[in-house]
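Residue numbers (numbering that gives the first Met the number 0), protein chains in the order written: chain A, 0 to 330; chain B, 0 to 330; chain C, 0 to 325; chain D, 0 to 325.
Keep in mind that the hints were calculated from the coordinates and are not lab data.
Errors might be hidden in some of the hints.
[Said to hold, decoys possible] Pairs of lysine-lysine residues, derived as DSSO-like cross-links and limited to a Cα-Cα distance of at most 27 Å, are as follows:
#, chain 1, residue 1, chain 2, residue 2
1, C, Lys38, B, Lys42
2, C, Lys38, C, Lys179
3, B, Lys42, C, Lys179
4, C, Lys38, B, Lys261
5, D, Lys179, A, Lys42
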Amino acid sequence: MTSRTGIAPGADGELSIDDRLALLRRMLEIRFFEDEVQRLFTKGLVRGTTHLGQGQEAVPVGVCAALRDGDTMTCTYRGHGAVLAMGAPLDEAFGEILGRANGLCRGKGGSMHLTDLRVGALGSYAIVGAHLPITVGAALAARYTKSGAVGVAFFGEGSTNIGAFHEALNLAGIWRLPAVFVCENNLYGEYSPYASTTPVDTIAERAASYGMPGVRIDGNDVEQVRATAIEAVERARSGDGPTLLEAMTYRQVGHSRSDPAKYRPEGELEQWLERDPIVVYERVLSEAGVDADALASIRASAEEEVAAALERAAASPEPELGSRLEDVYAS
Amino acid sequence: MTSRTGIAPGADGELSIDDRLALLRRMLEIRFFEDEVQRLFTKGLVRGTTHLGQGQEAVPVGVCAALRDGDTMTCTYRGHGAVLAMGAPLDEAFGEILGRANGLCRGKGGSMHLTDLRVGALGSYAIVGAHLPITVGAALAARYTKSGAVGVAFFGEGSTNIGAFHEALNLAGIWRLPAVFVCENNLYGEYSPYASTTPVDTIAERAASYGMPGVRIDGNDVEQVRATAIEAVERARSGDGPTLLEAMTYRQVGHSRSDPAKYRPEGELEQWLERDPIVVYERVLSEAGVDADALASIRASAEEEVAAALERAAASPEPELGSRLEDVYAS
Amino acid sequence: MIATTYKQAITQGLADALAEDDSVFLFGEDVAAAGGVFKATEGLRERFGDTRVLDTPISEQAIVGAAIGAALMGLRPIAEIMFADFAGVCFDGLANQLAKYRYMTGGQASLPVTVRMANGSPGGFGAQHSQSGENWFLNIPGLKIVVPGTPADAYDLIRAAIRDPDPVLYYEHKGLYNIKGPLRAAADARAEIGCAELVRQGGHVTVVATQLMRHRAVEATQVLAGEGIEVELIDLRTLVPLDLDAVLASIERTNHLVVVQESSFGGSWGATLVAAVLEQAFEILDAPPLVVRGDETPIAYAANLESAWLPDSQRIAEAIRRTVAY
Amino acid sequence: MIATTYKQAITQGLADALAEDDSVFLFGEDVAAAGGVFKATEGLRERFGDTRVLDTPISEQAIVGAAIGAALMGLRPIAEIMFADFAGVCFDGLANQLAKYRYMTGGQASLPVTVRMANGSPGGFGAQHSQSGENWFLNIPGLKIVVPGTPADAYDLIRAAIRDPDPVLYYEHKGLYNIKGPLRAAADARAEIGCAELVRQGGHVTVVATQLMRHRAVEATQVLAGEGIEVELIDLRTLVPLDLDAVLASIERTNHLVVVQESSFGGSWGATLVAAVLEQAFEILDAPPLVVRGDETPIAYAANLESAWLPDSQRIAEAIRRTVAY
Ligand SMILES: Cc1ncc(C[n+]2csc(CCOP(=O)(O)OP(=O)(O)O)c2C)c(N)n1
Ligand SMILES: Cc1ncc(C[n+]2csc(CCOP(=O)(O)OP(=O)(O)O)c2C)c(N)n1
Ligand SMILES: [Mg+2]
Ligand SMILES: [Mg+2]
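The following block holds chain A by itself, in its conformation from the complex (with noise of 0.2 Å):
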């Protein structure tokens, strides 16, 4: 069995050189196609808005890595990264954000609702906190199934103050459901910084009242994302309860598409690019062995491989206008 990223998912032993390289591609891969989305936008490209996660690739590259088939995936609108480390396929996520009869769904969800059942990926999400009782649902199915299945949600720390985190992560804690709940704290809830709305210290601590251990992680270390995901998978699946898990990291780029970020503090993204995710990587890597003409000919394949995926969505059509009235109800 492959992990989401191709890659063992257990916990044990050291991780090969190839695994890693395996974490890094996927890492480049996600970051090429947000700055492919980026440009797109900027071109009219993309309805609507979109939400990037420049600097963020680390969590759901490392989460999803301890993720085996069977298991599933929900995310928010700024989702693409999370769908990626999936396995959802790169030429229909990029047909989705274009609105092409190619996209995963069909055009009908659009930048923020990627969306890949076939990968366990059941749904990015609009509406802040919507999907953290739907994970609580999968988790709960597969108990009942006893399917072995574990489920993931991603979500930013400014959705632990909303309703539903609340609702769902107690129903986690007091059914010991296999989910692991994962909030990528980027420090920013569209434009308020987390102090301003949030008065803990940690996300992790909420953990407290639910019965569930919390523990907050380096987001930016795609290695130690995974660790500690696994360990968290592990428990969930062997029947001993949820997890809360504090990725600390950074959105790059602003909120959504029309935001200059002007809010941050003087040098605080320049600080986080010194923590890009990609870049620490790298310097891992090739501190391990790996030597740059490796590292160069991977970020080179990603990059193809993207543009490639970009040009085959380009080229799908506009989805027929009677599709319109189509998947509404199944009966």
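Once you've looked at the hints, dock chains B, C and D with the ligands against the given chain A.
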């Protein structure tokens, strides 16, 4: 300035015997009131449902004794005691429950919705959790207008699992509003024992998620309730923010009209009857030298007052039919 | 068939569905150990065990979300939201998530979720426990809405709702829990989602009603029959999808329409039905279509006020007389 | 008067209300420091300070509840819920608490709360950020609902909403934020809650529309005028209370009715209006009343699908032609 029970709201010094008797008297009025409602219900004179709080009287009486004019209170469908503790007239409370024209809400509210703005009783709410954000608003207004008022909300332990609880306490916490959240932990939410729905040992510890102190107290000890409430109210009034109080208590009756409360473990009720807040307090007062006659005459006069109030209410006519079309809009 | 109550019919329907299909399970507040606040799930936990029948905390958002998640994984959850009025605390889950999931994902999944809610007046429960909640969801494509009015329909429609691949809001009327009636025999045609029932034939006027109003309309028809007014009574049973054909076919014969509903007018199914009829068959009516309804107010507690709000057989009869006499 | 945008009119209205009355304050997610996600509150925090203009956590239930509590204490809160679609997460607060408080307490308090929400399509925001939310609240007596469609109405109605003693849901149309138009001069009659506007006179057909559809209807009328069809166009501006008199007076002259709405049919204000008209004035129409509307589906993301869902001037013109030709 007098408190809601007519005794000085300050924390300083010993309670005088008169003050103590006033606390007892208020508990007795509430008890007799609710016993009457129970009888009326059995006779078919109360419509729908009614939720009684026999055994819990020390909580509202103790807390409201810490309030002064201008302070506000919200509570639940199980709120007769709290509304009376704020000073709502007994006859109008009965009138409302009987659906009469003299009712607090002109017969439009009912048993679950006693409200008396004249005394700061901002409402009894039948949707679990709905009133907690409303208390936050009252506290926000107090800060906005610099009125120095404090807002108190009563709710059950089962209600702490609903989203509105979380959002309200978080907002009060981050804004450090003058509010006191009083959880009446009576061990059951409807028919569900606390431990089956809530994966924490105490409700008080949930306060940590909201940057406020949480205190568990004996909710059947009216003086302890009052003393703790005074601290919390002072804290709120002086700008130090909200507090979550968890008052341990017990409802001696079923959840509502039709509940025989068979889910209780054997002996539980009996144990709690021994800790009946009125019995306990009468013993305390008697040990403090109040003689049996004095206690008996307070009892008798409270009972008479309740009976007379009921008579007045029963004599009030039904609301005029046309009044049902009034009060939807102010203009 | 022996007569059962409406409530027993629901319990029976739930039990039969649980027995028939392992992927069906039932959860909500106090539905298991206590058998539900209306006792409509009594005995199910004992019979099917506590993995199939579960009590939850007071967390309606979590309940609805959990139903969605479980349905995505192939189960057929039955979620209870207790009073229909409580749909307000989980409205996003119902209206934005459950209703739209299939559409927004381009049809990647069906969501066979049944949401049970107790509807209606006049129980003296006050403004927040007496509403007819179905109108809140009419403008939200993606949900099916059923409103059974008899034991037979309660049984058939709970079975149909659970079997249906789409989300179904199943409204149980509190005022009908104790009415009695026969269930349909195996050989009979069952009530299906989307099919109205022709309760009574008559040539003078088509009356459309559901749930408690159906029964009050029946009373009215009896009085009117004595006056020579023959009412054709239709119980829609399902509000979405609407069986407009059945209504139009009847009006074709009667040329008169009266709708009776237990709610105010704005945004109601009755108003929607009238507009739909007029759009489809403008010249079909010989008199103004009337909607007998609750006043444009919340529902008061006092007995006399609540009764006055709710249409009774006299008000219904009066409206029918006016229509026929037009 | 110099032209301002719809968005500027709102900002201006908020600023004037804040300046005029100390009991007015404004709060919501990112409305203060950032000036709102649509920049409709830009500069207000700077001008009125952070006790009058406050940012909140992502907690819509708390926002609505806080508005209620503050109103009970005599303030006039303006709460922003951002996208109208988010009303789902605080539906109980709006529908069960805010709407019913006055009634349930026998008139003990008024609740002068204004709730601002951004409405509508076609921004490419997908099914959960494009809805017209007003229909969710039509069956909930106790709320007033305004839907301004021009800068002048946006200004007048935000002022009227804030001044009103009752709760008002104020829907801002996202697609109109940048349209320009004059505000009314001091001497002019201001738009009031409950008063429709006669946008254009014409003898052949009454067209009723709001917000974006008003503008598309105007386009349609221009085309039709060239064909000799004179449209009388009414912008309701308020959905509750409904200015039925204005609509009836117009139909009295035209005997034809077309409603244009940015939402599906079931439970909509358009369907309600048609049923109300027919009930009041059955013989007034010479042709079937048509409701031009969105399909009975959620709103898709792809440009072509969303455009097809939303009525455009051609579809509107077509419906008008059909009605007039009937
Ligand atoms: C219920 C609801 N309220 C408000 C919004 C608007 N909104 C979208 S994203 C967002 C901020 C979320 O912040 P956070 O949870 O930290 O996630 P991040 O965007 O930082 O990943 C808000 C307020 C929404 N989509 N849904
Ligand atoms: C939103 C909502 N869900 C469910 C209910 C039904 N209900 C009424 S009281 C109650 C139990 C509340 O328990 P708790 O908070 O402990 O208060 P207690 O009744 O013990 O005072 C429930 C579930 C409701 N009124 N509102
Ligand atoms: Mg964030
Ligand atoms: Mg309790």
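Holds or violated: Lys38 of chain C to Lys261 of chain B, with C-alpha atoms at most 27 Å apart: With Cα atoms ~14 Å apart, Lys38 of chain C and Lys261 of chain B stay inside 27 Å; holds.
27 Å Cα cutoff - pair Lys38 of chain C, Lys42 of chain B: holds (23 Å)
Hinted pair Lys179 of chain D and Lys42 of chain A, Cα distance within 27 Å: With a Cα-Cα distance of about 26 Å, the restraint between Lys179 of chain D and Lys42 of chain A holds, given a limit of 27 Å.
27 Å Cα cutoff - pair Lys42 of chain B, Lys179 of chain C: Within the cut-off at roughly 26 Å; holds.
Given hint Lys179 of chain C paired with Lys38 of chain C - CA-CA distance at most 27 Å: Status holds; Cα separation ~16 Å.
This entry satisfies every hint, going by the numbered hints stated previously.
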